[in-house]
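**Q** Using the sequences plus the hints, can you model the full thing?
Top to bottom, those sequences are chains A and B. When the letters of the first sequence are read in order and numbered with our numbering, they come out as residues 358 to 674. When the letters of the second sequence are read in order and numbered with our numbering, they come out as residues 3 to 511.
No lab work stands behind these hints, which were simulated from the structure alone. Don't take every hint at face value.
[Claimed, not checked] Subject to a maximum C-alpha distance of 30 Å in a straight line, what follows is the list of computed DSSO-like cross-link-like pairs (lysine-lysine):
#, chain 1, residue 1, chain 2, residue 2
1, A, Lys642, B, Lys508
2, B, Lys115, B, Lys279
3, B, Lys166, B, Lys316
4, B, Lys115, B, Lys55
5, A, Lys573, A, Lys617
6, B, Lys51, B, Lys279
7, A, Lys585, A, Lys463
8, A, Lys573, A, Lys448
9, A, Lys573, B, Lys508
10, B, Lys409, B, Lys51
11, B, Lys69, B, Lys55
12, A, Lys359, B, Lys508
13, B, Lys508, A, Lys646
14, B, Lys69, B, Lys51
15, B, Lys69, B, Lys316
16, A, Lys617, A, Lys463
17, A, Lys643, B, Lys469
18, B, Lys155, B, Lys69
19, B, Lys211, A, Lys585
20, A, Lys463, A, Lys402
21, A, Lys667, B, Lys508
Listed below, chain by chain, are the residues.
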Amino acid sequence: MKWATPSQLSRHGILGMNSRNIDYIGRSNDRRFYPLVDNKLKTKKAAIQLGMSVPGLIGVVDIQHEVRLLETLLHGVKQFVIKPAQGSGGKGILVITDRQGDDFIKATGATLSFRDIKRHTSNILSGLYSLGGRTDVAMIEDMIDFDPMLSNYSYEGVPDIRVIIYRGYPVMAMMRCSTHASDGKANLHQGAVGVGIDIANGHSLYAVQNDNAVEKHPDTGCHFNELKLPHWEEVLHLSSSCYEMTELGYFGADIVLDKKIGPVILELNARPGLAIQMANQAGLKKRLKTIDRLSAIKQSVNERIQLAQKLFATQRS
Amino acid sequence: MKLSPRLQIILVAGILIVLGLGLTLYKNLELGFPLSPGQQQAVWTIESKISFKPIGGPIEISMVLPKPLAGWTILDNHFASSGFDFLIQESQRERKATWTRESLNRNTMLHYKFEIYQSDSNGLGDAPVPTIISPEITPDRLAAIKSITSTLKQRSVDPAGFTKALLEQLLLDDIGQDAAFLFAGRKENRLTVIMNILSFSGIPHQPIKGIFLEDGRRRQTLNSLIEIHDGNRWHVFNPSSAEQGLPQNFFVWQRGAGSILDVIGGEHSQLEFALVKNTLPIKTVLFLEQHVQDQLLLDFSIYSLPVEQQGVFKGLMLIPVGALVVVLLRVLVGIRTAGTFMPILIALAFIQTTLLTGLFIFLLVVGAGLWIRYYLSYLNLLLVARITAVVIVVILLMATLSVVSYKLGFDQLLSVTFLPTIILAWTIERMSILWEEEGGHEVLIQGSGSLFAATLAYLLMSVELVKHLTFNFPELMISLLGVVLLLGRYSGYRLVELYRFRDLGKLDE
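**A** Take a look at the structure:
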């Protein structure tokens with residue numbers, strides 16, 4: 358396999374890491390707005406205030422001695438997620454799908470004792486998973502009961518939808534499907550499948566696993582080309598509205614589809630990765646430049662979405 | 003007019019680069035500082051500290067200054083004598099520095115710093131032969147000396163052989179009854195005993211006082227050699243090893259009898275030395291010799307700092323070079339490292355340990371640490387306690403490694419102490435988390451990325467030319483700053499991205 362030349366990449370408008378950091382994150386994201394995005398608890402509170410859907414909050418553990426209170430907090434709760442408020446890259450997220458007697462069952466089927474749960478919470482509090490090792494708080498959330506339409510496209514985990522929002526416009530989207538190889542996590546570099554999604558209609562475009570094209574899910578065998586995301590307009594609306602909430606010019610919104618409440622915001626990311634370009638087989642920079650060329654930024658969310666759907670619709674062969 | 007950030011950076015970086023290069027060129031062209039190391043010459047900076055406790059009343063301290071002998075040349079003298087009257091007296095025989103003061107009520111230190119290098123090593127040359135003064139000693143000691151000399155005389159043919167045999171005998175574990183008697187219970191030192199024996203045997207002799215030069219050594223004290231005259235010429239002996247000849251690393255301060263330091267009005271006086279070796283190009287040495295205080299830029303160079311700080315800066319000046327390597331690898335190549343600047347610290351450690359030993363020790367300690375950390379993760383510890391535990395384990399590992407390797411005779415593994423302990427512990431902690439979260443694959447990528455960056459930084463930092471330039475032309479760092487600023491604005495593709503996005507580059511084919 359031959360390497361690409363810089364001129365080939367720039368001709369296709371591929372966004373590189375340095376350019377992302379300098380030209381987009383550095384230029385359009387004001388640092389003082391970062392805490393709202395980096396701290397999931399703050400994101401959640403801000404979203405609730407604006408009436409946006411988020412997973413329900415069971416409780417928060419702030420300090421070490423409150424770890425004892427987990428027992429009462431989790432009493433009778435069969436399914437829950439423990440995550441660090443300031444975790445990065447999906448680190449430290451523990452998903453419990455069931456309880457059997459004293460044991461807790463992870464999404465992967467492995468069993469944990471209550472001691473393990475407490476240890477995990479302590480680790481979160483001491484900053485093991487947060488950026489720079491700062492002390493953190495642990496959030497306990499309802500587990501997402503994800504839309505059964507998508508269950509064939511994910512293995513042992515929740516599939517989420519990442520939408521890149523630039524100056525309020527949805528510019529690129531993908532669905533991330535966890536696999537056995539990714540240990541139920543939806544991170545592409547850990548072996549999850551990334552499926553490019555057409556901004557215009559929520560239809561799948563292309564799927565990659567570990568940077569290689571795939572036709573079907575490696576574990577469930579479902580073909581990706583039949584995938585069309587439900588609630589697509591709502592997904593676009595929810596993610597684009599985050600622009601007003603965060604005031605960040607460039608970010609990624611992670612959305613999951615809940616069976617009952619529809620699209621909910623899982624988290625926002627001020628430094629979204631570049632793998633989305635592979636899943637879409639398209640350059641991100643080209644689209645970002647398209648937005649930069651727009652004469653005036655549209656004010657309403659709906660106007661922005663309509664324009665983006667028109668601009669970034671993909672011709673399917 | 004307001005400049006865009008991009009233009010500002012280019013402007014500032016350009017000014018910095020030009021400024022640094024300009025100063026360097028000025029030093030090179032106008033002042034004659036050589037750009038390339040060329041032939042090397044070891045220059046020793048010796049800092050002498052005189053400390054004493056005043057007993058009240060006027061104080062007079064006099065010190066005999068070293069006289070260049072055996073091919074040594076003194077480059078630069080510097081005295082620090084706050085509050086004292088200071089005077090240098092020169093006579094036919096010696097140069098003497100004298101500090102005087104009316105009164106003083108606290109312990110004080112006086113400093114004398116000088117730089118020396120050895121242009122040739124022709125030996126000490128000739129000197130007048132002193133007359134032998136018979137020692138005044140008690141009859142029983144005289145008897146002991148007689149007994150020692152009579153046995154030694156049988157074994158040796160000439161004065162040099164006799165002296166060597168005597169010194170060797172005195173180095174034995176069992177020095178014999180007579181010698182043991184001479185040494186016992188007396189405050190006179192070995193040297194006096196040896197000189198008494200030589201006087202008794204009718205061999206002309208004199209002490210040589212000086213310093214054994216060891217790089218980085220602090221609190222070094224004066225040492226004495228002894229030389230004897232066999233009727234034709236002088237022979238030098240080292241009493242503590244019985245070896246003949248002037249040792250290569252011995253700087254002669256004073257040849258012949260006489261005290262070096264005299265303190266009137268003080269007690270517990272001490273003379274100590276701090277030593278640092280700089281390897282400089284001969285051209286620079288000659289240049290310094292000629293122009294010592296007449297150039298502002300030189301007077302403000304690192305060479306004007308105290309010896310200990312010079313040693314520190316020798317290492318510090320290399321850090322920006324290592325940092326540049328890390329910046330290049332991360333921004334232009336896209337190599338992932340564990341911790342941003344951990345590779346530099348490891349590279350600095352490699353300078354002390356040498357590369358292969360350093361790599362071996364690093365892998366050994368981190369490997370063993372990961373294994374122990376794996377066990378610790380079962381114990382359900384809090385983060386801070388766990389890292390502390392890892393720090394302790396790492397130090398224990400380092401100690402064990404040192405002791406075991408020393409016993410087995412692998413001296414080079416002793417340099418394990420140069421590895422930064424806390425950094426190692428954090429590396430182990432981060433790696434083990436990485437292992438749990440992302441799998442061994444990622445540990446391998448980041449670990450080898452870090453080691454690769456460290457190795458590259460080490461290789462660059464150990465190039466003679468780089469060492470020469472960073473230490474002699476610190477203004478190059480201003481240019482380096484400019485280059486780093488420019489790199490900070492590089493928004494092009496990284497090398498690894500050309501591979502990562504290889505399919506995307508060929509979409510239309």
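**Q** Determine which of the earlier numbered hints do not hold for this structure and return their numbers in increasing order.
**A** 3, 10, 17, 18, 19
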